[in-house]
Each structure stands twice: as C-alpha cells, then as structure tokens.
Amino acid sequence: MAEGELKLLGMWASPFVIRVRMMLEEKGLSYEYIEQDVFNKSELLLKHNPTYKKVPVLIHGDRDICESLVILEYIDENWSGIGAPVLPETPYERAIARFWAAYIEDKLLLSFIGILRATTEEAKAEKIAETHTILEMLEGAFKKCSTGKGFFGGDSIGYLDVTLGSYLTWIKAAERISGAKLLDETKMPLLVEWGKRFLAVDCAKKSLPSVERLEKHARGLQVTIWKVVSAN
Amino acid sequence: MAGSGTSDVKLLGAWASPYVVRARIALNLKEVQYEFLEEQFGTKSELLLKSNPIYKKIPVLIHDEKPVCESMIIVQYIDDVWINSGPALMPADAYDRALQRFWTVYVDDKFVPSLFGIMRSPTEEAKAEAKEQALASLQLLEEAFGKISKGKPFFGGDTIGYLDIALGSFLGWMKAFEEMNGFKLLDDTKTPLLCAWADNFCNNEVVGAVIPETAKLVELAKVMQARYKSAPPAN
Numbered sequence: 001m002a003e004g005e006l007k008l009l010g011m012w013a014s015p016f017v018i019r020v021r022m023m024l025e026e027k028g029l030s031y032e033y034i035e036q037d038v039f040n041k042s043e044l045l046l047k048h049n050p051t052y053k054k055v056p057v058l059i060h061g062d063r064d065i066c067e068s069l070v071i072l073e074y075i076d077e078n079w080s081g082i083g084a085p086v087l088p089e090t091p092y093e094r095a096i097a098r099f100w101a102a103y104i105e106d107k108l109l110l111s112f113i114g115i116l117r118a119t120t121e122e123a124k125a126e127k128i129a130e131t132h133t134i135l136e137m138l139e140g141a142f143k144k145c146s147t148g149k150g151f152f153g154g155d156s157i158g159y160l161d162v163t164l165g166s167y168l169t170w171i172k173a174a175e176r177i178s179g180a181k182l183l184d185e186t187k188m189p190l191l192v193e194w195g196k197r198f199l200a201v202d203c204a205k206k207s208l209p210s211v212e213r214l215e216k217h218a219r220g221l222q223v224t225i226w227k228v229v230s231a232n
Numbered sequence: 001m002a003g004s005g006t007s008d009v010k011l012l013g014a015w016a017s018p019y020v021v022r023a024r025i026a027l028n029l030k031e032v033q034y035e036f037l038e039e040q041f042g043t044k045s046e047l048l049l050k051s052n053p054i055y056k057k058i059p060v061l062i063h064d065e066k067p068v069c070e071s072m073i074i075v076q077y078i079d080d081v082w083i084n085s086g087p088a089l090m091p092a093d094a095y096d097r098a099l100q101r102f103w104t105v106y107v108d109d110k111f112v113p114s115l116f117g118i119m120r121s122p123t124e125e126a127k128a129e130a131k132e133q134a135l136a137s138l139q140l141l142e143e144a145f146g147k148i149s150k151g152k153p154f155f156g157g158d159t160i161g162y163l164d165i166a167l168g169s170f171l172g173w174m175k176a177f178e179e180m181n182g183f184k185l186l187d188d189t190k191t192p193l194l195c196a197w198a199d200n201f202c203n204n205e206v207v208g209a210v211i212p213e214t215a216k217l218v219e220l221a222k223v224m225q226a227r228y229k230s231a232p233p234a235n
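Residue numbers (full-length UniProt numbering), protein chains in the order written: chain A, 1 to 232; chain B, 1 to 235.
Chain A with its partners taken away, still in its complex shape:
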C-alpha cells in the first residue's frame, strides 16, 4: 500500500468530485481538500492534470490520479485492507458495476442538465422523459446488484452507490427548477427508497451540497453560461 499525503483538487458542485469525497470519507482517509475555480484554472490543477485540466484530481504523495471512476478503483485497490471494499467481490459483479457506472456517466448528467438547458417546453418534456427512462433502467440495475439488500453494494455503500449518489441533490435541484418529478416513486420505487437510505449515510451527508445551494448555482448557470434565462 502506497504511503503519502492525500490532497484532492475539487469543485463543490461537481458530482465527479463529490463521489471521490464520499469514498475517502467512507474509508476514513484524511485529506486536504483544495477548492478550484474551474473557470480560472490554477497552476496546481494544470500541473497535476495536464491532460484534461479538470477536477477531481487525487494527489497521493507524488502520484496524480485523475478521472473519478479511476480514482474510486485506486482507492479500492490501494486501501483494500481498510473498511468495506469499494467494488464488489466477484469478477462478474465487478463487470456489472463497471457497466452501470459507465452507463450513468454516459447518459444521466447530460439528460438532467438537458432539462435545465431546454429553451422550449417540448425540449424540456423530451429531456424529462429521457431522464425517466434512464432512472427506470437504473431501477432494474438496483434490483439486480443489491440482491435484496439496501445498497447497490449490498449491505454497505460501494462504487455504484457513490457514482449515482453523487447526483442525488443535483436531481432534486433539477426537480425544483423544472417542476417535474424525476425520482418518481411510482416509476422507480426501489431507487427512491435507496435514495433516502443513501442520503442518511454519513459520507453522503458530509459530501453532498444542499439542494438549496445547488438550485441557486444551477439558476445562476441558466443565466450566465447556458443563457436559457435572461438576467433580471
């Protein structure tokens, strides 16, 4: 197991950063968190992630690890003796977890951000329907992965729980702004229950920004960056 100080370059609203923070918290690992201005990138960020210039970056001694899902696997493998494993035990379960993490990365963010960026009611309705479809797929994934237990990871939270869980307060913020129910107990009841359980877990409480703060942030983005709402 490699030794050395841990630092995390992050941005408070980024789900990619949030999931890493959750996992470090879950493993009981102490680290220095360094907030980054993603619109005005620091020398530190450019030095430690020259390829993508993005957060999160986990700096462990003289090692830089980038890409949130790669970081989660690194945490799992480097601190395998501490706490519950991040990834499931068997090769098949690991393949399934990685598949669904890739699916979430591929589809979910674009979809609910699409709701916030939509300029017509029609486009918004389309994105809402798309988000429902994705969440319904994840309902199925939950049924399969949890094997009747409380989390995707079984009895304790794991890779897939934090990958999806890092979006929970963003999804709620999108619900508030759009007026649409996204995590709908009639369409994805298991996922809704999982969401409640997840939000009660310590590492989620410590790492997830509040819905209020994200709502304000997203409304700001709607005006300044996405330009779908005019400034008053």
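Keep in mind the hints are simulated off the structure, nothing from the lab.
Note that this is a predicted model, so its numbers are computed, not measured.
Hints are all accurate, no fakes.
Reference excerpt, derived from the structure (chain B facing chain A, CB under 10 Å, subset only):
1) 61
2) 70
3) 77
4) 78
5) 79
6) 81
7) 93
8) 98
9) 103
10) 106
11) 144
Straight-line alpha carbon distances no greater than 20 Å define the calculated EDC-like cross-link-like pairs of lysine to aspartate or glutamate that follow:
12) B:57 x B:39
13) B:50 x A:136
14) B:66 x A:89
15) A:107 x A:130
16) A:196 x A:184
17) B:150 x A:62
18) B:66 x A:93
19) B:50 x A:139
20) B:147 x B:93
21) A:53 x B:109
22) A:47 x B:143
23) B:110 x B:132
24) A:7 x B:96
25) A:144 x B:64
26) B:147 x A:62
27) A:47 x B:142
28) A:7 x A:32
29) A:206 x A:35
30) B:110 x A:105
31) A:107 x B:109
32) A:107 x B:108
33) A:187 x A:126
34) B:110 x B:143
35) A:54 x B:108
36) B:56 x A:130
37) B:10 x A:93
38) A:53 x B:108
39) B:56 x A:106
40) B:110 x A:106
Beta carbons: idealized from backbone N, C-alpha and C, even for Gly.
Please build the complex by placing chain B on the supplied structure of chain A, with the hints as guidance.
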C-alpha cells in the same frame, strides 16, 4: 484448456471491429477456448439483442450464459477470471493500474473519435482537423509510453497488457487510414517509441491472428464512406 474446467465461453463479434479485437486478444493471451459468433454487418442477431439490450453492440462476452458488455470491461473481466492462465493483463501496483485505466479512458475519449473522424468527416477541412487531433493524441500517448513502459517493449512491461490491448486493437484501422489517405499517423521521427511498440504488438502471435488485414479494412472503409456520404445528416 485453461484451468477453469468446462466453462462455456462465447464471444459475439465481427471481424473488423477493433472493440471485438480487444476481447479476442485478451481471450487468446489467457488461452481461453471460446466460440466466436460473427454478427453480420448491418444486422443484429436475436442473441445480441437479448445479451446487450441497452446498447445492442458488440463485443458481448457470454460466460456460462452470463453476458458481459463493453470491450475494456470484458478485458478486465477476462483478467479477473482466468487469473492463473497466461500473463496478468493488469500490473500489480494500484497506481500503475490507475495509469493503465486513465490512458485507456483517454484512448476511448479522445483518440478513437478523432481517428474515425478521419473517415467520417464530410469535408476536407473537417478531415484535416480530425487528423490533427489524432496526431496530437498519439503524441501524448508517446509521452505516456515513455513513462509507463519503463524501458520495456509494452505499456504492460514485458508482456502485452490492458492499455496495449486498448490502443493496439486500433492498429489495423490506423494502417488502413494511412494507406487510404497517404499520410502517416505513427511516425519514426515524431512517435518513435510507439512505432517500435506497434511492431512488437503486431508481431505477437496471438495478436497477429486477430488483427484484421489492412487491405480488407480499406475495402470495408470505402463501403462505409459511401454510406456516410449518401446518408442524411445526423440530427
């Protein structure tokens, strides 16, 4: 046959797909006996639709009736299951593994789209831009190779590993595009390490058996390009 007794392994694929080549190289390196089920170009079999209902894409590995999808997830799975057969595809150290995974993400995220952008671009200008991006990606991968290989022939060290498979499976298509367009993607003066690596990779017996022939890919590319030109613009 590798040590896991009578296990039933099938791979749904197509000869030309570099993603399928990834899975085949891994299976071959691990000396796994498997049945290769070729999908016909332009159609999707019942078995494919049933085994990969979300993406409906190849490759799909079906091991004892359980499907595994997504090429590099399949490669990792093969390494995990057939752990006592053939070389380890992933290094032992957690950081070395993270580097293999990071650069594999980069290959899929940045390099591959620009590579196929060369074929798909509707204008000469777009094609030139795709080519520049592909070359820039290869330059970064050249630097990465220098650091990761630690003086050995492969990204994986002495033997072919995860990242070698991720990138090397595209060498067939890279050679096809070089031939069709009259330019070099891998160049002795700009990417000498990757040139040497490419030779070592393609000369490997296991790899040589599954990398598609350049001439056949060129022929297929011409058919596909005609389709892109006549297809209506994607929305």
